[in-house]
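Position chain S against the provided structure of chain X, taking the given hints into account.
For the protein sequence lines, the chains are X and S, in the order given.
1 is the number of the first residue of the first sequence in full-length UniProt numbering; add one for each residue after it.
1 is the number of the first residue of the second sequence in full-length UniProt numbering; add one for each residue after it.
Hints are computed from structural coordinates only; laboratory data are not their basis.
It should be emphasised that the depicted structure is a prediction, and the values quoted were computed from it without experimental measurement.
Treat the hints loosely; a few may be bogus.
Unchecked claim - Okay, the calculated beta carbon distance ranges per label pair: (1) A309(X) <-> L100(S): 40 to 48 Å; (2) N282(X) <-> A300(S): 36 to 44 Å; (3) R322(X) <-> K144(S): 57 to 65 Å; (4) N282(X) <-> D147(S): 35 to 43 Å; (5) K267(S) <-> R135(X): 43 to 51 Å; (6) E441(X) <-> D147(S): 49 to 57 Å; (7) K31(X) <-> Y403(S): 14 to 22 Å; (8) P94(X) <-> N466(S): 41 to 49 Å; (9) L100(S) <-> Q274(X): 32 to 40 Å; (10) N57(X) <-> K102(S): 49 to 57 Å; (11) R322(X) <-> L100(S): 26 to 34 Å.
Yeah, the Cβ is synthetic: ideal placement off N, Cα and C, and Gly gets one too.
There are 2 protein chains.
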Amino acid sequence: MKNQVQLITYIDRLGKGDIRTLERVLSGPLKGLFGGIHMLPFFTPFDGADAGFDPSNHAQVDPRLGDWQDIKRLSGQAELMVDLIVNHVSSESPQFQDVLAKGEQSEFNKLFLTMSSVFPNGATEQQICNIYRPRPNLPWSMIKLADGSTRLFWTTFTAQQIDIDVESEQGQQYLLNILKEFHQAGISTIRLDATGYAIKRPDTSCFMIPETFDFIAQLTEQARALNIEVLVEIHSYYQTQIEIAAKVDRVYDFALPPLVLHTLFNKDAAPLLQWFNVSPRNCITVLDTHDGIGVIDVGADNGRSGLLAPQQIDDLVEQIHRHSNGESRLATGAAASNLDLYQVNCSFYDALGKNDQLYLIARAIQFFAPGIPQVYYQGLLAGKNDMELLATTKVGRDINRRYFSEQDIEAHIQQPVVQKLFELIRIRNEAPEFNGLFSFESTANHEFVLSWQLNDSTISLAVDLNQSQAIIFTAKNAEPSHDIWKI
Amino acid sequence: MKNQVQLITYIDRLGKGDIRTLERVLSGPLKGLFGGIHMLPFFTPFDGADAGFDPSNHAQVDPRLGDWQDIKRLSGQAELMVDLIVNHVSSESPQFQDVLAKGEQSEFNKLFLTMSSVFPNGATEQQICNIYRPRPNLPWSMIKLADGSTRLFWTTFTAQQIDIDVESEQGQQYLLNILKEFHQAGISTIRLDATGYAIKRPDTSCFMIPETFDFIAQLTEQARALNIEVLVEIHSYYQTQIEIAAKVDRVYDFALPPLVLHTLFNKDAAPLLQWFNVSPRNCITVLDTHDGIGVIDVGADNGRSGLLAPQQIDDLVEQIHRHSNGESRLATGAAASNLDLYQVNCSFYDALGKNDQLYLIARAIQFFAPGIPQVYYQGLLAGKNDMELLATTKVGRDINRRYFSEQDIEAHIQQPVVQKLFELIRIRNEAPEFNGLFSFESTANHEFVLSWQLNDSTISLAVDLNQSQAIIFTAKNAEPSHDIWKI
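Isolated chain X (complex conformation) (with noise of 0.2 Å):
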């Protein structure tokens, strides 16, 4: 993987075409700026229930999008990331369709998951509190076969999307499939999406178990056989976040965006700082991506103290609504109908306030955190939350996932605070520091410099959280200083 700054997007949302139009969205007004890039689901269909997340033919470009050739072409242009959905496919698919129709009798039928799979001799309320659910609802739901006859299929997140048996023979021949299809396209990583519920076991939490390690070291080895490169995406406790990191090629640094905004908000970096020492060096860093801002990574887990205290969350919470005028309070939570409540949706830049000076010293922390940044597009171009469809789709994270067109995108692509994050894109990009080693050093809560050095150069970040500023210089051995950005 290039270390660049990768782009998140959504085909149809930037630029509100095809493949064809981001292709040329991204050799136009946004050339030349980014090493790769995460594109988020575009099978078929891209606009199910969840966004793309439920496919019901995963192996398929959604036609209304372009085709693989489509994909192969852009791979030509930056290193392209997908998301592997290894945990469900939609109930729509004709895999689970020909399972209702035939039940034990389908060729399908030993692909999904059923309480009884599991538990083939019951479970109690105890065993059933253990598994660690992302909603309050229970991983199952009642479907009713053409034979008359229910089964309760394994769905961990919705009705719509049912699990798959990963361990089964079908689901790993499904599996590989797509893994084929994504190397004959020219993909060089895939993202684990919901991976940590894959694995069921009585008397587990069914999330994350030793087993689950074992399946994704074994799905990391098919991938890299392919020279495919494997990104985990999980939401946890920091510490089980790092021993994950320990296992696999990458990780999300999730706990980076509230840092951030609590290092902002409240002129504060020791937490930051903190998580710098022990943090992954194997991660991609975000601050937005299209789900909301995580709270939970740097929370409590079980009596083991977070990256933050809770009421310092609590505070967090509040800030991001108070800055963005409430706009993500209508957003989040049982407001919205978004169950996770572990996440506060709100675009970054509203987060902040809106605040250029402070948007961008955020980037400049990100970028010059351990890791390989990736920017997604709404905070790329700076936009605002959209409240209007928000009102539309009552869908919480919708806030941040505008939809612009081309010319939406010159516009935005004009205002003075993306100008100056694309020069920081540029610096990222193109500092060899950037391949060195990582330090950092602080004499106040409230001023701190990060580092990067190879061989006898330095590149470096001072920030002053009391005058809101932050300055990029670059250093030899025995020359003086030299300033390349500033804000």
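Okay, now just chain S, sitting in the frame of chain X:
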């Protein structure tokens, strides 16, 4: 219960005010029309997640609407029917909040059902699938207590509605307290909401099992001791409905609305008349309610055929969608986050294509059918589908839950269809023959006569479906008949 037409209404949607506003409407533009009123839930809060059916304080009138004195005063004008929500209380109730805070130490600990109250040794997939569910999810929610432990509370409907253990001492006391409040406020009938789900036993459907009948019998006894009648609300197979009717004070005739639609859509009265052969006489008739138009009540059940064939039901649903120009489709099923797929959301007036003639024939059939007729406030005013409210709330049933200001009411009453409906209501209220014996005759599928005879006097409704005509006439022995209403 007076054998006269009753109104079903929300307090705040008919007049857009409180109990005093409704009183003004009832003694003004709607004066003298109703022998009774079913007032939809007005407890605290009346505007929760399930429009009043999830009170946190069931024993209190929501102060925004008035108080028990207001209800008492209203009971002097018409017989009042109110909902006793026996199955659950709001998760926001002080009782449930106390359990969350104190766990087993709470005095209300036994008020609420958990999975292990019913399945102490756990449940198998088969046992769980046996449970009759109105929705595809499981009947439990994982809820965390203050001490960090998790329990599976029984939640038949939503995680915001926690099922109570009506067999526990606390449960009994809870219901009795509400009954006493009702009695003091002059309530003459209670409607048992969702009572079919009240009793749970392993290896049963947990729906209308023998123990449920025992519970209803016991509750009915308590109510009668306070001079309160009991209406049981259950949607089910028509034979089951007949069996239930034999065991309780009163049931709804939920088969009537789809049968009337079938009759008018297809000029075929055969299924309707077949139903009148066996339909319970101790029933309340409706065409519209605050819920959708139920189709389960005329459907088949486990191989036993229903009052309409599956194809006839499919046609019926499609015809409603067509007559309402697709509006009902937008409000029904997954399209409107409405999980009650056995109901079609549409105003009854729109279901008949806003055809005044057909709408009045439908009401005439309802009023001549065995039972005491209720008219829902939106139907009373021939109110159209409220697409604006639907778009705002995305709650499918809101299509038929319009807010009418006092001005709106005055305006709607001017419509000829409403004037003609008022005439019909007065005939139904005043003709003594409706206290006599019911009979019907039919010479062809498209022609039939419904009659009521008391001593030597008869009132009849003759319908000609081919001509879309209906005539009401009275006759005394040896005298020529006399037309009193005609469309």
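Hint check:
1. A309(X) <-> L100(S): 40 to 48 Å: Since A309(X) and L100(S) have Cβ atoms about 23 Å apart, the given range 40 to 48 Å is violated.
2. N282(X) <-> A300(S): 36 to 44 Å: violated, 59 Å
3. R322(X) <-> K144(S): 57 to 65 Å: violated, 27 Å
4. N282(X) <-> D147(S): 35 to 43 Å: Taking Cβ atoms as reference, N282(X) and D147(S) lie about 38 Å apart, which means the hint holds.
5. K267(S) <-> R135(X): 43 to 51 Å: With Cβ atoms ~49 Å apart, the hint holds.
6. E441(X) <-> D147(S): 49 to 57 Å: At roughly 43 Å between Cβ atoms, D147(S) and E441(X) fall outside 49 to 57 Å, so the hint is violated.
7. K31(X) <-> Y403(S): 14 to 22 Å: At roughly 54 Å between Cβ atoms, Y403(S) and K31(X) fall outside 14 to 22 Å, so the hint is violated.
8. P94(X) <-> N466(S): 41 to 49 Å: Holds: the Cβ-Cβ distance is about 47 Å, inside 41 to 49 Å.
9. L100(S) <-> Q274(X): 32 to 40 Å: holds, 34 Å
10. N57(X) <-> K102(S): 49 to 57 Å: Distance hint for N57(X), K102(S) holds at roughly 51 Å.
11. R322(X) <-> L100(S): 26 to 34 Å: Because 28 Å falls inside the window, the suggested range holds.
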